[in-house]
Each structure stands twice: as structure tokens, then as C-alpha cells.
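What follows is each chain in one-letter form.
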Amino acid sequence: MEFITNFPLFTIVLSLFSGVLCYMLKPRVAKIYTLVYEGFLILLVSAVLYYVLATGQAFTYVMGEFPAPWGNEIRAGVLEAMIALCFLIVMICSVSAGFRFLKTDMDESKLNLYFTLVNLMTAALMSLVWTNDLFTGYVFLEILTLTSCGVLIVREIGRTSLAAVRYMILNLLGSGLFLLGVVLLYDLTGHLLMVPMKETIAELATDPAVLPVIGVAVGILTIGLSIKSGLFPFHFWMPDTYGWATPTSAALLSSLVSKAYIFLLFKTYYRAIGIDVLQQLPIRHVLLVLGAMGIVVGSLQAIHTNNLNHMVAYSSAAQIGYIYMGIGLGGVAGYTAAMFHVMAHAITKSQLFLTTPRLAEVAGGNLKFQDLQGSALKTRVAGFYFTIGAFSMIGIPIFAGFSSKLQFALAAVTGAGIKRILIVMLALAVSSMLNALYFVMTLIRIYTPDGDNNRSVMTHHHINYHLPMLLLTAANLLLGLRCDLIVDLIGKGLAMFG
Amino acid sequence: MITHLWINNEEAVAIILFGIGFTMLLFQKNLLKKLIGMNIMDTGTFLFLASMGYIEGRRPPIVENGVLERSAYINPVPAGLVLTGIVVSVSVTAIMLSLTVRLYKRYHTLDIDEMYERSKHAAEDR
Numbered sequence: 018m019e020f021i022t023n024f025p026l027f028t029i030v031l032s033l034f035s036g037v038l039c040y041m042l043k044p045r046v047a048k049i050y051t052l053v054y055e056g057f058l059i060l061l062v063s064a065v066l067y068y069v070l071a072t073g074q075a076f077t078y079v080m081g082e083f084p085a086p087w088g089n090e091i092r093a094g095v096l097e098a099m100i101a102l103c104f105l106i107v108m109i110c111s112v113s114a115g116f117r118f119l120k121t122d123m124d125e126s127k128l129n130l131y132f133t134l135v136n137l138m139t140a141a142l143m144s145l146v147w148t149n150d151l152f153t154g155y156v157f158l159e160i161l162t163l164t165s166c167g168v169l170i171v172r173e174i175g176r177t178s179l180a181a182v183r184y185m186i187l188n189l190l191g192s193g194l195f196l197l198g199v200v201l202l203y204d205l206t207g208h209l210l211m212v213p214m215k216e217t218i219a220e221l222a223t224d225p226a227v228l229p230v231i232g233v234a235v236g237i238l239t240i241g242l243s244i245k246s247g248l249f250p251f252h253f254w255m256p257d258t259y260g261w262a263t264p265t266s267a268a269l270l271s272s273l274v275s276k277a278y279i280f281l282l283f284k285t286y287y288r289a290i291g292i293d294v295l296q297q298l299p300i301r302h303v304l305l306v307l308g309a310m311g312i313v314v315g316s317l318q319a320i321h322t323n324n325l326n327h328m329v330a331y332s333s334a335a336q337i338g339y340i341y342m343g344i345g346l347g348g349v350a351g352y353t354a355a356m357f358h359v360m361a362h363a364i365t366k367s368q369l370f371l372t373t374p375r376l377a378e379v380a381g382g383n384l385k386f387q388d389l390q391g392s393a394l395k396t397r398v399a400g401f402y403f404t405i406g407a408f409s410m411i412g413i414p415i416f417a418g419f420s421s422k423l424q425f426a427l428a429a430v431t432g433a434g435i436k437r438i439l440i441v442m443l444a445l446a447v448s449s450m451l452n453a454l455y456f457v458m459t460l461i462r463i464y465t466p467d468g469d470n471n472r473s474v475m476t477h478h479h480i481n482y483h484l485p486m487l488l489l490t491a492a493n494l495l496l497g498l499r500c501d502l503i504v505d506l507i508g509k510g511l512a513m514f515g
Numbered sequence: 003m004i005t006h007l008w009i010n011n012e013e014a015v016a017i018i019l020f021g022i023g024f025t026m027l028l029f030q031k032n033l034l035k036k037l038i039g040m041n042i043m044d045t046g047t048f049l050f051l052a053s054m055g056y057i058e059g060r061r062p063p064i065v066e067n068g069v070l071e072r073s074a075y076i077n078p079v080p081a082g083l084v085l086t087g088i089v090v091s092v093s094v095t096a097i098m099l100s101l102t103v104r105l106y107k108r109y110h111t112l113d114i115d116e117m118y119e120r121s122k123h124a125a126e127d128r
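Top to bottom, those sequences are chains A and B.
Our numbering runs 17 ahead of the 1-based position in the first sequence.
Our numbering runs 2 ahead of the 1-based position in the second sequence.
You may find that some hints are simply not true.
In silico DSSO-like links for lysine-lysine, alpha-carbon gap of 27 Å or less [unchecked claim]:
{"hint": "1", "chain 1": "B", "residue 1": "K122", "chain 2": "B", "residue 2": "K107"}
{"hint": "2", "chain 1": "B", "residue 1": "K122", "chain 2": "A", "residue 2": "K385"}
{"hint": "3", "chain 1": "A", "residue 1": "K43", "chain 2": "A", "residue 2": "K120"}
{"hint": "4", "chain 1": "B", "residue 1": "K35", "chain 2": "A", "residue 2": "K120"}
{"hint": "5", "chain 1": "B", "residue 1": "K31", "chain 2": "B", "residue 2": "K107"}
{"hint": "6", "chain 1": "B", "residue 1": "K107", "chain 2": "B", "residue 2": "K35"}
{"hint": "7", "chain 1": "B", "residue 1": "K31", "chain 2": "B", "residue 2": "K122"}
{"hint": "8", "chain 1": "A", "residue 1": "K120", "chain 2": "B", "residue 2": "K31"}
{"hint": "9", "chain 1": "B", "residue 1": "K31", "chain 2": "A", "residue 2": "K127"}
FRET-style restraints, in silico, Cβ to Cβ [said to hold, decoys possible]:
{"hint": "10", "chain 1": "A", "residue 1": "L317", "chain 2": "B", "residue 2": "H110", "range": "35 to 43 Å"}
{"hint": "11", "chain 1": "A", "residue 1": "L484", "chain 2": "B", "residue 2": "L112", "range": "56 to 64 Å"}
{"hint": "12", "chain 1": "B", "residue 1": "L7", "chain 2": "A", "residue 2": "A491", "range": "54 to 62 Å"}
{"hint": "13", "chain 1": "A", "residue 1": "F20", "chain 2": "B", "residue 2": "N32", "range": "37 to 45 Å"}
{"hint": "14", "chain 1": "A", "residue 1": "H479", "chain 2": "B", "residue 2": "F29", "range": "46 to 54 Å"}
{"hint": "15", "chain 1": "A", "residue 1": "Y67", "chain 2": "B", "residue 2": "F29", "range": "50 to 58 Å"}
So the derived list for chain A, only partly shown, Cβ under 10 Å to chain B, looks like this [to be verified]:
{"hint": "16", "residue": "W87"}
{"hint": "17", "residue": "E173"}
{"hint": "18", "residue": "S178"}
{"hint": "19", "residue": "V182"}
{"hint": "20", "residue": "I186"}
{"hint": "21", "residue": "L196"}
{"hint": "22", "residue": "L209"}
{"hint": "23", "residue": "Y287"}
{"hint": "24", "residue": "Q296"}
{"hint": "25", "residue": "H302"}
It should be emphasised that the hints constitute simulated quantities derived from the structure, not laboratory data.
Computed from a predicted model, the values in this text were never measured in an experiment.
For glycine and all other residues, C-beta sits at the position ideal for the given N, C-alpha and C.
For reference, chain B alone in the conformation it holds in the complex (with noise of 0.2 Å):
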């Protein structure tokens, strides 16, 4: 078990970061905790792809030197993928940021909890 998780170290770390950032996402309070669980939890995502898609010994998908063998090159298809991810996440962040700044003007407060219970108690939001 412990060899196995030895082995494959990256992944292991890929899915502890991921449960760290779920975590944080669904428990915490703070609207701005949250949103860097979500972005710890993607993170742990993108390193799980990353890792994968690295193999020990062989080169970028570049063709240097007239070397076309497939074997000489890791595979670019989850690079492409982070990248992809990388956006979704950048483009969700600011959204959420944005969404924050609006509630911190009208309840004062970063507590979602507290949030609601200031919600209550505004005459428009019956």
C-alpha cells in the first residue's frame, strides 16, 4: 500500500490536494476561502493530468533534430488539457470574485451564514 502510494507520489499528492480544496470549498465560511479551496482543488486536478502525461526520459512533443519516433516524446494531449482547465477555472474565479464584491457591498460580510441572516432581515428580500 505504502510503496504503491510511494510510487505514484504525484498522483497521491493530486488527490490530497484535491480533497483539501473540496473540502475547503463545501466547510469554510468565507466566501474568499472558498474560492481559493475551489482554485486548490482544481490545482490538485491539473497536477494529476500534468504527472500523467509526463514520461521519465523523453522530451517535449517537439521535433529536434529530425527524431520522429513516437517513443522519444511525452504525450502533449494533458498539457492541452490543463491548459484548457486552467482557463475554465480563471474564467469561474472571476465570476465568483465578482459575485462576492456585489454581496460584500450590500451585507457588509464575507459569512456566507451570516450573509443569510442579514438577508432576513433587508425589507426588499421577503
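Bound conformation, chain A alone (with noise of 0.2 Å):
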């Protein structure tokens, strides 16, 4: 049992190398080896989930002979594993069902290339999700970066360069904001692991003339992961990164890269910053109400569109908003949506970004909603899967998207007071009507006829298709249906996360 400690720091060092072995492999063997070895993966992430179910305590790797305060470390708990465990499995989904498109959206003998990236973006991910250290944190986010940019532009068409350079301009703001933040912080603590700096941060907050500057240094850091995980109003890069990647790229840059720079600010917050601090500093507010209007804004936005993929990309943004509503809303109600909501959106969002291409198909290759009419008819299995993606967008019970919704009113409900309770109250309601407004038109025109041929001419799907699709509606489900369940996992999470 004791050796499962060592599994998160595994999960770190083995996509790195991966990452080198998939460069040398040949295509086909390279997706094989991902495929397996991202397999191997959940594998490792669940007998961690499992480890600290078991022992009830989370754990902390100290990297070489350093113990804290120096040296570095990894640490894992419920929520880490549970979060690691989420994008995993939207990891080998996407790689498995986007395949069809990648083989046509690159160079075919250089695909082994495309699953370099993947690999090492797994790294970048499970150190963002492992990590105590914030500047190993840094580094791992600019990876992050690097191989998300990678990802976008093996489609090359100008669309997507220019969406890749427009992308890349904006993370390096985050990425530079950031640094200054953990900097100013190190500065103000001396420290770079979270443990110690919470304590010295709990220390210095106690001096009314410092909590303003910690506050700037919080602030900063805050601004800089919300314009890299595109809070409103920083979203505006959204349709043309999302639309123009190829289907795979797009299923991982909504699903996993946006929520796992959220998922270092959360982990920031609770563990580096300490949340009682937060509780006084301004930044708190100011993502509400940012949150609120991007849910809003976002929503607005998808209606305006011509283009599928770009509705979901600015669905997407709506979705951010919503997490970063709860991040503000605060407390452990306001918390455990927020993450509920992030695996919710993992789930439902690739989903959705890995069905368009397919109604597009039919359709002429076009993505324009005039020329979508009837697409569902000629691809049924498509329009089955884009239905339940676009129900639990909605927020129809059974699905995910409505048990966050719950989740979400729950916490402004509970300890919340009279303004914050409008607000997020206004801001479920505004953005449930709009949703169901675009995602209904959206089904609507897929399943209306359009006159000249309507008999299914896709009827085939591969089976690495169904499968991952099976597995991501099931994931769905299982957050719809059984919502008590994954919301007592992550109360426990939070527990050990402090």
C-alpha cells in the first residue's frame, strides 16, 4: 500500500518520457502506446483515489532529501485524484474519438508528433494538479502553454495560426502576470511551497498596512490565470481557438487546459493564500461579479453566432463563468460547486466539441447553421451524443449540467447574503433560459429535414468512436444521477485540501 505514494510523481515522470519515446515511435504505434498507456494511467490516478479513501488522510511526496521548507513536493488527496482522475478520462476520449479528423487535419506521417504533445500535456496537467510547490507551478503552466499552442497549430491553415498566435499573446500576459504574482509572494513570505507560505501569510494578514499588498499580489496572480483560463471579460479569444483547432484539440484545450489553470488558482487560493485571507481581500467580489457577467455575456454571445462551433466555444465561456461564480461565492458550498462544476463542464463540453465535426460532415464540411439543417438525420449517432452533450448544457435533470446548476443555487442559498443570493439566482436563471434558447434552436435545426435527401448516410461509426462517447455520456449520468455521491467525495476533498 505504501507504494501507491509514490503513483502521483509517476504519473509525472512517465508522460514526460512518453512524450520523448512517442517522438522516435512510428504514428500508429505512437497512438497505440497512448492510448494504453493513458489507460495505465487512470489506472494509477484510481489506486491513488483509492489510497486516500482508504486512509482517510491525504499525503505528501517530498522530492529528494529536502523536507519542507525547502526542497519540493507533491501531494495528493481526494480532490486531487478526483480532478486528475476527470481529465484522464476526457484524455483518452478525446485522443480516441478526434482521430478520424487528425488523420485528415495533419501530415499523416507526422502524427507520431501530435501524440508528443499529448503526452507532455498530460505531464504539465497531472504536475498542475499534484503540485505544492506555486513555481514549479509556474513552470508546469508554461508547458501547459507551449503544448497547448502545439496542439493548435498542427492544423495548418492560416485560421488556426492566426488563432494560435492570438492565443499564445494572451497566455504569455496571464503567464508573466502570474510570475509576478507568485514573485511578489515570495517576496512578501520567503516561502514557495504552499504549506509554509499559508502560515507566514496568516502571520502577516494580521497587520492592517500588509493585507492591502498581499491583496495587489493576489490580485495580480488572479488576473493573470483568469485571462489564461478566459473569464469574462478575457474570452474573446474563445471562437477562433476552439473553432478552427482540430476536433481533439478543441475537446482538450475547453475540457482540460482552461480548468487546469483554474484548478492551480483554486488550489492557490486554498492552500497558499489560506481562505480565511481571502475572505477579506476585494478579489473575491470581483469574481462574482466577473463570473456572473460572463455567464451572461457568454451566453448572449452564442445565441448572436452563425457557427456551431463557435456557440459551444462561447458556451464555454458562460460555463467559465459560472466556476469562477463560485470560486467568488465562497465557502465550502460555494467551493464544492465550483469543482463540481468543472468536471461537469470536462465531461459535457469535449463531448459536444468532438460531435460538431461529425454533424459538419454531412452537412458538406460546413459549419454554418443554415447548411447543419438535417445533419442529425444523416448522422443519427452524432445527433444522439450532440442531444445529450446539449441537454446537459441546458441543465436537464438526469444530466450534469443540472445537478451543478443545483449545486450552484445550493450555495448561494445557504450562507450567502441577500445581494449575492440575486445575483447568482439572476445569473442561473438569465443563462438557463438563454442555454436552452440556442442549444434548442441548434437541435431544432439539426432535426429538421431539409428536403432533398434525409435518409442516414453516415451509418457507421468506429468503434473508437462509440466507445469513448459511451464512456463520457456514462460520466454524465453518473454526475447527474448521483450527484450526492461525487458532492460527499469532494466535501471530503476539501477537508483534507486546507
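Hey, can you piece these two chains together into the complex? The hints should help.
Written as C-alpha cells, this is what we have:
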């Protein structure tokens, strides 16, 4: 059992190694290797989850022989293990289901390079989830930025390169601000490890003259990460980035990369700044308001656009708003809702992004709404999976989206002031209505016969597509139907997290 | 206020450099100038770190003549952080430069707005 404490480190080191290995393998072998390897990682992380649940406490893995406050650490608790497991499941599903488009979108002889990027991205995601050190967080944040730019530009058309440049510029602004925030915190506390930093900050915060300085450092760090994850008003890069990427990349970027930044921010708040100090800083109000505005503006822009992928991308902006609203709401209930939504959105959004290209394929490769008419009748399987994703986004009961909206409403009602209840409830109501409007409109459009040919033209989908889609649907239903179980686990994770 | 800034002149300069780089990265239209801005921004952070790590009158953290007291040496960690940061900054710059080359070959301009304008007319990019 004790051996399991090594597993989090394995997930990082083996992923780095796999990245290099895929560079040398043949494309076909690299694909099989990556899928098998991701499956193996799922087993490792499941073992970690089982271990922390069985022992009932989180563990810290000290790297080298230098104990805190020196050295570098990895830490694993229930929450980290759950998020890592969710990330890996979405990763394996995206790689498998989007593979057919990968072959058409890039030179087939270079496919192994894509898997190199995917493995490096896994390493970065895993380290952001496990790390206990802010500067390690910064380094892997940059690795994640580079790999996400890499998976974006594999599709060699002008628009993806342009989208990639814009994405990179905003990400670099975000990384610069994050680094400055970390450096300021290091300047204040003299620590980079989260636990000693939290202790020092708790001491410093008692001095009213120092509190604004902590506020500035935390604010800079927060702006950096919110630019990177696409919080309103920094969400305008999303449609181009997700819309023009190859489906696997769009799923990875929207479901995992932005969530990893949010998780790092949450971890910094909870473990490096401390919730008690955070409650005294104005930044949480800003997050609540920007989150609520992001929900409404993202939904309105989604209605306005004429391109299916852009619509799904703008809806991502709205969903990121939900998560920040939960963090801004604060309290155990708010954080639970935010973490629940991280998982719910990762699962739903990847399913949508992996389905839209198949709908477009039968509509002549075009994602414009007028061309998509009747496309779900021509490829019923893709239509079915799209419908599930759309229902979850709208918030129909039994799907994940409903449970997370329920969690947000519960979080608002328990323990928040009347102003906050109003903001959250209004945002929830308006966004549910708008979500229903544009997703139902899309569903009507793709299920309306277009006159000439409504017979199913694409009946055959490969098992590589069905299996991951069924897995994502099952995960969606699990989050929807057994949300009490998941919320209970998140509660345990948060108790260990502090 | 002024005296505080004067005492911490290195930090003040570092933050001003960061601001210059940040605005360049955000507002310049030319991709190469954006990249230069990014490097200035990172340099600002590195200057901040390096000036923080240096303590007047102390020596580099290499044991000499058997002096073992901690108070004789400066903190080596910020220097390590600066080195790591430089590596990150170099790799990011390399990727961005290669992207710029690719875009220049396609659109024959370095102006990002102009690129968007031209991409609208390209047939494959609809």
C-alpha cells in the first residue's frame, strides 16, 4: 500500500518520458501506445484515489531529501485524485474519438509528434494537479501553454495559426502576471511551498498595513490565471481558438487546459493564501461579479453567432463564468459547486466538441447553421450524442449540468447575503433560459429535414468513436444521477485540502 | 512616497519595465514588437527577483575560507528562479518566432490586424 504514494510522481515522470518516446515511434504505434498509456495512468490515479479514501488523509511526497520549507513537494488528496481521474478520462476519450479528423487535418507521417504533445500535456496537467509548490506550478503552466499552442497549430491552415498567435499572446500576458504574482508572494513570505507560505501569510495578514500588499499580489496572480482560463472579459479568444482547432485539440483545450488553470488558482487560494485571508480581500467579489457577467455575456454571444463551433465555444465562456462565480461565492458549498462544475463541464464540453465535426461532415464540411439543417438525421449517432451534451448544457435533470446548477443554487442560498443570492439566482435563471434558447434552436435545426435527402448517409461509426462517447455519456449520467456521491467525495477532498 | 520609491529603486524600475513590456505585448500590432515587449516584461520580473535576492555587503553563496555563517551569503534561490524563468522565456520566444515566420510566409505582413483582414479573403480559411 505504501508504494502507492509514489504514483503521483510516476504520472508526471512517465508522461514526460512517453512524450520523448512517441517522438521516436511510428505514428500508428504512437497512437496505440498513448491510448494504452493513458489507460495505465487511469489505473494509477484510481489507486491513489482508493488509497487516500482508505487511509482518510492526504499524503505529501517529498522530492529529494529536503523537507519543507526547502525542497519540492507533491501532494495528493481526494480532490486532486478526482480531478486528475476526470482529466485523464476526458483525455483518453478525446484522443480516441477525434483520431479520424486528426488524420485528415495533419500530415499522417507526423502524427507521432501530435502524441508527443499530448503526452507532454498530460505531464503538465498532472503536475498542476499534484504540485505543492507555486514555482513548479509556474513552470508547468508554461509547458501547458506551449503544448496547447502546439496542438492548436497542427492543423496547418492560416486561421489556426492566427488563432494560435492570439491565444499565445494572451497566454503570455497571463503567465507574466502569474509569475509576477508568485514573485511578489515570495518577496512577502520567503516561501514557495504552499504550506509554509500559508502560515506566513496568516501571520502577515493580521497587520492592516500588509493586507493591501497581499491583496495586490493575489489580484495580479488572479488576473493572470483568469486571462489564461478565459474569464469574462478575457474570453474573446475562445471562438477562434476552439472553432478552428482539430476536434481533439478543441476538446483538450476547452475541457482540460482551461480547467487546469482554474484548479491551480483554486489550489493557490486554498493552500497558499488561505481561505480566512481570502475572505478579507476584495478579489472574491470581483470574481463573483465577473463570473455572473461572463455567464450572461457568453450566452448572448453564443446566440448571436452563426457557426456551431463558435456557439459551443462561447457557451464555454459562460460555463467558465459559473466556476468563477462558485469560487467568488466562497464557503464550502460554493467551492464544492465550482469543483463539481469543473468536472461536469470537462465531460460535457469534450463530448460536444467531438460531435460537432461529425455533424458538419455530413453537411458538406460546413459549420454554418443554415448548412447544418437535417444533419442529425443523416448521422443519427452523432446527433444523439450531441443531444445528450446539449441537454446537459441546458440543465435538464438526470444530466450533469442540472446537478451543477443545483449545487450553485444551494451554495447561494446557504450562507450568502441577499445581494449574493440575487446575483447568483439571476445569473442562473437568465443563463438557463438563454442556454435553452440556443441549444434548443440548434437541436431543432439539426433535426429538421432539409428536403432533398434525409436518409442516414453515415451509419457506420468506428468503435473508437462509440466507446469514448459512451464513456463520456456514462460519466455525464453518473454526475447527474449520483451527484450526492460526488458532492460527498468533493466535501471529503475539501476537508483534506485545507 | 518618492523616498520609498528611491529606496526600492530597483523594484520600481522592474515594475516600470514590466508595465512597458505588458503594454507592448498587448497593444503593438507588429508581431516582432509584441515579442520584444514580452521579453522586456519577463526581464522586468527577473530584475525584480534578482534585486530581491541580493543583499548589500554579502557574498555569493559559495563557501570560501571556511566561513559557514548564513549571514555571510546571499539567498541563492532567486537566482535559481531567474535561471528557470529565462529558460521558459527563451522557449516561448522560439515558438512564437516560428509561428511568426509561418504567418509571414502566408500573409506577407507582420501586422496582426492586416493578417486577419487578409485571412478573410483566403479561400481555404472561410
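Here is what the structure says about each hint:
The straight-line distance between the Cα atoms of K122(B) and K107(B) is roughly 16 Å, inside the 27 Å bound, and the hint therefore holds. Of the supplied pair hints, the one linking K122(B) and K385(A) holds, its CA atoms being roughly 16 Å apart against a limit of 27 Å. Restraint check for K43(A) and K120(A): satisfied, since their Cα atoms lie roughly 14 Å apart, inside the 27 Å limit. The hinted pair formed by K35(B) and K120(A) fails the criterion: a straight-line CA distance of about 36 Å is larger than 27 Å.
Straight-line distance between C-alpha atoms of K31(B) and K107(B) comes to about 17 Å, which keeps the hinted pair within the 27 Å bound. Proposed proximity of K107(B) and K35(B) is supported: the alpha carbons are some 18 Å apart, at most 27 Å. As the CA atoms of K31(B) and K122(B) are separated by approximately 18 Å, the hinted pair is consistent with the 27 Å bound. As the CA atoms of K120(A) and K31(B) are separated by approximately 34 Å, the hinted pair breaks the 27 Å bound.
Under the criterion of a C-alpha separation no larger than 27 Å, the hint pairing K31(B) with K127(A) is inconsistent with the structure, at around 33 Å. Our hint of 35 to 43 Å for L317(A) and H110(B) holds, since their Cβ atoms are close to 37 Å apart. Between L484(A) and L112(B) the Cβ separation comes to about 46 Å, which falls outside the hinted range of 56 to 64 Å. In this structure the hint that L7(B) and A491(A) lie 54 to 62 Å apart at CB holds, the actual value being about 60 Å.
For F20(A) and N32(B), the Cβ-Cβ distance of about 55 Å falls outside the hinted range of 37 to 45 Å, so the restraint is violated. Judged by the Cβ atoms, the range 46 to 54 Å given for H479(A) and F29(B) holds: they are separated by roughly 47 Å. At roughly 51 Å, the beta-carbon separation of Y67(A) and F29(B) lies within the given 50 to 58 Å, and the hint holds. For W87(A), the interface hint holds, since its Cβ comes within 10 Å of a Cβ in chain B; the closest pair sits about 9 Å apart.
Residue-level restraint check for E173(A) holds (minimum Cβ-Cβ distance to chain B is 8 Å; threshold 10 Å). Taking 10 Å as the C-beta contact cut-off toward chain B, the hint placing S178(A) at the interface holds, the least distance being around 5 Å. Below 10 Å, beta-carbon pairs count as interface contacts, and V182(A) has one with chain B at about 5 Å; its hint therefore holds. A hinted interface residue such as I186(A) counts as satisfied when its beta carbon comes closer than 10 Å to some beta carbon of chain B; here the least separation is about 6 Å, so the hint holds.
The interface hint given for L196(A) is met, as the beta carbon of that residue sits about 5 Å from the closest beta carbon of chain B, less than 10 Å. Below 10 Å, beta-carbon pairs count as interface contacts, and L209(A) has one with chain B at about 8 Å; its hint therefore holds. For Y287(A), the shortest C-beta to C-beta distance to chain B is roughly 23 Å, which exceeds 10 Å, and the interface hint is violated. Here the hint on Q296(A) is broken, as its CB sits about 28 Å from the closest CB of chain B, past 10 Å.
A distance limit of 10 Å between C-beta atoms decides the matter here; for H302(A) the minimum to chain B is near 24 Å, and the interface restraint is violated.
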